[in-house]
Amino acid sequence: MVTAGVSGAPPRRLRWIAVGQVLLWAAIGLGAFLLLAKSVQNSSAFNRLQPAILIVDVGGVIALSVLLARRLWGLVRDYRAHVPGSRLTARTVAIFGALVIAPLLIVYLSSLEFINVGIDSWFKVEVKQGLNDAVRLSRAALDLRTREFAARTVALAEALARASPGEVQARLDAERRASQALEVVLFSTHAHVIAASLESPLESLPSLPPEDLVRQVEQHLPYVSLEPQSGGRYLIRTGAALGSRGSRDERFVVATYRVPAQLAAMSEAVQNSYSQYGDLAAQREPLKYSFRLTLTLVLLLSMLAAMYGAIYSAQRLVRPVQDLIEGTRAVGKGDFGTRLPLPSRDEMGFLVHSFNDMTKKLRRARSEATQSQQAVERERERLAIILARLSTGVLAIDRNMTVRTANAAAGAILGTELSAATGRALPELAAGNERLGQFVAALAVRFAAGREEWREQLDLDGAAGRRTLMCACTPLPGEDADMGFVIVFDDITTLLSAQRDAAWGEVARRLAHEIKNPLTPIQLSAERLRRRLLTGMSERDAEILERGTRTIVQQVETMQQMVNAFSEYARAPEMHITRFSLNQLVSEVADLYRSQAPRTRIRLELDEQIEDIEADRGRVRQILNNLVTNALEALEGVGSPLLEITTHLEASADGAYAAVTVCDNGPGFQRELLGRVFDPYVTSKPKGTGLGLAIVKKIIEEHGGRIDADNRPEGGARVRVVLPVKDSTRSATGGSRERRDQLRRERA
Amino acid sequence: MARVSIAASEEQPGLVVVSMLRTDLTTDRSTRGALLAASCALVIAAWNLSLADALDGVLEVRSAYVNINKGVFLLHARVEYPVSEAIRSALKDGVTLSFDLDARVDRERHFWFNANIVDLTLRRELTYHAVSDRYVVRDTRSRDQESFSTLDEALDYLGRIDAWPILVEPQLDGGSYTISVRAGMRRGHLPASLRAILFWTDDWARVSEWYTWSLPV
Numbered sequence: 001m002v003t004a005g006v007s008g009a010p011p012r013r014l015r016w017i018a019v020g021q022v023l024l025w026a027a028i029g030l031g032a033f034l035l036l037a038k039s040v041q042n043s044s045a046f047n048r049l050q051p052a053i054l055i056v057d058v059g060g061v062i063a064l065s066v067l068l069a070r071r072l073w074g075l076v077r078d079y080r081a082h083v084p085g086s087r088l089t090a091r092t093v094a095i096f097g098a099l100v101i102a103p104l105l106i107v108y109l110s111s112l113e114f115i116n117v118g119i120d121s122w123f124k125v126e127v128k129q130g131l132n133d134a135v136r137l138s139r140a141a142l143d144l145r146t147r148e149f150a151a152r153t154v155a156l157a158e159a160l161a162r163a164s165p166g167e168v169q170a171r172l173d174a175e176r177r178a179s180q181a182l183e184v185v186l187f188s189t190h191a192h193v194i195a196a197s198l199e200s201p202l203e204s205l206p207s208l209p210p211e212d213l214v215r216q217v218e219q220h221l222p223y224v225s226l227e228p229q230s231g232g233r234y235l236i237r238t239g240a241a242l243g244s245r246g247s248r249d250e251r252f253v254v255a256t257y258r259v260p261a262q263l264a265a266m267s268e269a270v271q272n273s274y275s276q277y278g279d280l281a282a283q284r285e286p287l288k289y290s291f292r293l294t295l296t297l298v299l300l301l302s303m304l305a306a307m308y309g310a311i312y313s314a315q316r317l318v319r320p321v322q323d324l325i326e327g328t329r330a331v332g333k334g335d336f337g338t339r340l341p342l343p344s345r346d347e348m349g350f351l352v353h354s355f356n357d358m359t360k361k362l363r364r365a366r367s368e369a370t371q372s373q374q375a376v377e378r379e380r381e382r383l384a385i386i387l388a389r390l391s392t393g394v395l396a397i398d399r400n401m402t403v404r405t406a407n408a409a410a411g412a413i414l415g416t417e418l419s420a421a422t423g424r425a426l427p428e429l430a431a432g433n434e435r436l437g438q439f440v441a442a443l444a445v446r447f448a449a450g451r452e453e454w455r456e457q458l459d460l461d462g463a464a465g466r467r468t469l470m471c472a473c474t475p476l477p478g479e480d481a482d483m484g485f486v487i488v489f490d491d492i493t494t495l496l497s498a499q500r501d502a503a504w505g506e507v508a509r510r511l512a513h514e515i516k517n518p519l520t521p522i523q524l525s526a527e528r529l530r531r532r533l534l535t536g537m538s539e540r541d542a543e544i545l546e547r548g549t550r551t552i553v554q555q556v557e558t559m560q561q562m563v564n565a566f567s568e569y570a571r572a573p574e575m576h577i578t579r580f581s582l583n584q585l586v587s588e589v590a591d592l593y594r595s596q597a598p599r600t601r602i603r604l605e606l607d608e609q610i611e612d613i614e615a616d617r618g619r620v621r622q623i624l625n626n627l628v629t630n631a632l633e634a635l636e637g638v639g640s641p642l643l644e645i646t647t648h649l650e651a652s653a654d655g656a657y658a659a660v661t662v663c664d665n666g667p668g669f670q671r672e673l674l675g676r677v678f679d680p681y682v683t684s685k686p687k688g689t690g691l692g693l694a695i696v697k698k699i700i701e702e703h704g705g706r707i708d709a710d711n712r713p714e715g716g717a718r719v720r721v722v723l724p725v726k727d728s729t730r731s732a733t734g735g736s737r738e739r740r741d742q743l744r745r746e747r748a
Numbered sequence: 001m002a003r004v005s006i007a008a009s010e011e012q013p014g015l016v017v018v019s020m021l022r023t024d025l026t027t028d029r030s031t032r033g034a035l036l037a038a039s040c041a042l043v044i045a046a047w048n049l050s051l052a053d054a055l056d057g058v059l060e061v062r063s064a065y066v067n068i069n070k071g072v073f074l075l076h077a078r079v080e081y082p083v084s085e086a087i088r089s090a091l092k093d094g095v096t097l098s099f100d101l102d103a104r105v106d107r108e109r110h111f112w113f114n115a116n117i118v119d120l121t122l123r124r125e126l127t128y129h130a131v132s133d134r135y136v137v138r139d140t141r142s143r144d145q146e147s148f149s150t151l152d153e154a155l156d157y158l159g160r161i162d163a164w165p166i167l168v169e170p171q172l173d174g175g176s177y178t179i180s181v182r183a184g185m186r187r188g189h190l191p192a193s194l195r196a197i198l199f200w201t202d203d204w205a206r207v208s209e210w211y212t213w214s215l216p217v
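Line order of the protein sequences matches chains R and D. In case it helps, this note's numbering puts the first sequence at residues 1 to 748. In case it helps, this note's numbering puts the second sequence at residues 1 to 217.
Since the hints were made in silico from the structure, they are not lab data. Don't take each hint at face value.
[Stated by the list, open to error] In silico EDC-like pairs for lysine to aspartate or glutamate, Cα to Cα no more than 16 Å straight-line:
# : chain 1 : residue 1 : chain 2 : residue 2
1 : R       : Lys685    : R       : Glu614
2 : R       : Lys726    : R       : Glu614
3 : D       : Lys92     : R       : Asp133
4 : R       : Lys124    : R       : Glu285
5 : R       : Lys128    : D       : Asp93
6 : R       : Lys288    : R       : Glu113
7 : R       : Lys124    : D       : Asp93
8 : R       : Lys516    : R       : Glu568
9 : R       : Lys361    : R       : Asp335
Please model the complete structure; the sequences and the hints are all you need to start from.
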């Protein structure tokens, strides 16, 4: 049975694997999307997730590559092995791959170019220059302020240097108010506050001067700095030493001013732009590289996935076709049990369904054909048994007389084994078999004459005598013109013999009845005529009368003998069954004839195994007498006459039989008479009634035995008598009293 | 220049390994495929290593300790950050550098991983303020900032961490504790979307080894 690839894992398992793969890839895709979304929102989270993302991506590429390599390798292997459907799969994969990869490559190359051009355009020289100019402009704007405040501070320092200690605070306050400074502080050595004027003295303390300011004013150099503050504010800090270089006055004044908000905001905007641009510009090459790499990775993933999908889809598409091919091969090999799995409910599914339907019908048809064949076989066997049991010979031959079939009876009737001769020509089988040769010749004559359907009686002569067959021939029906003939024949020799026996019995009975009665009056009348007339007649007349009456009496006696013989033949006396020794009886008869025919050598071969038989002893003696008499008569004139009498015990399925064979070395039976030697009046001898063997046969049949006669190969006649040992055997084989009664009735 | 030299010195061994593996390859196709894939991975790894050299120089936590003031553990640390021409140039071009100081307090466990009690990061940014020609150090959380006239002053300021409260006493419940401090710096201040794109090539990022000691409880 071909299922799902006619092989491999069960379909349910495969389906679960496919579903699992789809879910896995969906989860990976969703996870990647979520990671991306999360990383875009939170860069620190992204930093933590970087390794995971990298592992997932590389793992995905490796897994996909391995899967694709496995699929590709399987495809190549199938292609080389000429697996059905592999070429179709390869072609489909190539088309799918080309359809998917070509646009992907085009998009990829276009995107690369776009990235290069696009990112370069972000960092044009003009932009950078513009930003630098803006920074310079802002600096120039602020420089005006710082220089102004620096000059005021230097002037203040000079004024303070000349002022008395009592005037210092007033000067500081005046200066702060005049310049709108945040604070103006006078420091001594080690940055100790001497005096300070603050904008909001209750909220803050004087700020400590930066170290670089201290260092610079210690060298009696004016200090000015623009300090960016949080919130986009700017402070201008100025410092100046009170004494001139070389003086001992180490005091210095520090003033802090606020840059106007508008100018500060504008400057801060320029600074922010500058900074952002710097950050971006630093990432110019990495950005391009990252874009390329990301794009390449996406392309790789897409191509791998597309190729994998193409192979998977192609194999899924081709799988039903492969199943169909394998199924068709299986059907071609005679496996009609092939059932293919239904792939889907589409046209392919319909095709597979039709295939399954076809194999189902084929399977049913083959089953029916097998059943029919078995029925035919059974019928054929039954017919063969019937033919084998038939006593009628049945022979089927074609127009070349080649045996097609023959039953055992045909072989038995024709004297050869025909059951095993199927396929052989009848003329070939007839070599050495005279009877079969005649049979074949008779058939050939009729077929040559164009006679195909006939029913005739055939007489076949052979060593065992003439056999008469009732033969019917008819052409075999069929579409083929050379179907041949069937010949049905019966050996009716026995039937004809029985008919002749019956006819002769009737003749004998009539003769005995119609002729015997007038004979005695005829004889008596002739004798009376002779007695009465003889005395008164002349010598010459008396002689004539004497000769006439003697002739009449002699012929009447002869006729009476003949009539008696017929009477004996027709008689069916009551049998007196006794037990006696057959060997002893044979010896007695032989001894009797040894004395009567001293010239003839009589040899006995008696089987000691023969026990006493149950038969009518007198009639068995009559059988032996007749046979020995016949043999002795045949041996007259023979140089060294020899008479052999043998007895033999034969065992058969229906009982024991005693066989008595009487052979001589005389001339044997005439060939033409061989089949009718047991008929009345069939004799080659000049004297005798010709009823001897006929009577023998009748007695033997009454005993349930059988007799046959033939000529010995070395010369001489041979008559074989078979008698049942037990009377019960006789009854079982049909040679019973009923049969005798039936014969008697027939004769009556 | 440093990048080029390191790139050469890193790539060369990688290539030697690849060629050596190829000469020893057997004829087995699957083995050859696996070795080829491994060789490609090595080349990619060597190439990536070659890019992480922009912040070359000493980056380490020189010293660190904590003291307790009214139940608050205050961290004091001295960190040395690298100074190079590449950094100066990048700052002058407007690039922002981020300086992270990670502090961890773990409770030691004998039969399992240590339990993390505190995981804090002090993040500050250093930018060159082109308008005022000063280096500005800004706390990213409080947005407080200080400006310095030189880069060395700014880095010195960044390397001095004093009295950073990292832990309060109620967080401790006996046992042994370790404190770990690590400094890191990277080129930052990019939009998050760009950071995602720069996933592969952020070679301006370094961290120091952990500076770890036991908490004196």
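Hint check results:
At most 16 Å may separate the alpha-carbon atoms for a hinted pair to count; R:Lys685 and R:Glu614 exceed this at roughly 34 Å. Only pairs whose Cα atoms come within 16 Å are accepted, and R:Lys726 paired with R:Glu614 is accepted, the gap being roughly 5 Å. Distance hint between D:Lys92 and R:Asp133 is fulfilled; the C-alpha atoms sit about 15 Å from each other, no more than 16 Å. For the proposed pair R:Lys124 and R:Glu285, the alpha carbon gap of about 14 Å is at most 16 Å, so the pair holds.
For the given pair, R:Lys128 sits about 10 Å from D:Asp93 by alpha-carbon distance, which is consistent with the 16 Å threshold. Between R:Lys288 and R:Glu113, the direct Cα distance comes to roughly 10 Å. Compliance with the 16 Å bound is thereby established for this hinted pair. In summary, the hint linking R:Lys124 to D:Asp93 is supported, as the alpha carbons are separated by about 15 Å, within the 16 Å threshold. Taken as a hint, the R:Lys516 and R:Glu568 pair is honoured in the structure, with Cα atoms around 13 Å apart against an allowance of 16 Å.
For the proposed pair R:Lys361 and R:Asp335, the alpha carbon gap of about 13 Å is at most 16 Å, so the pair holds.
Going down the numbered hints, you'll see the structure goes against just number 1.
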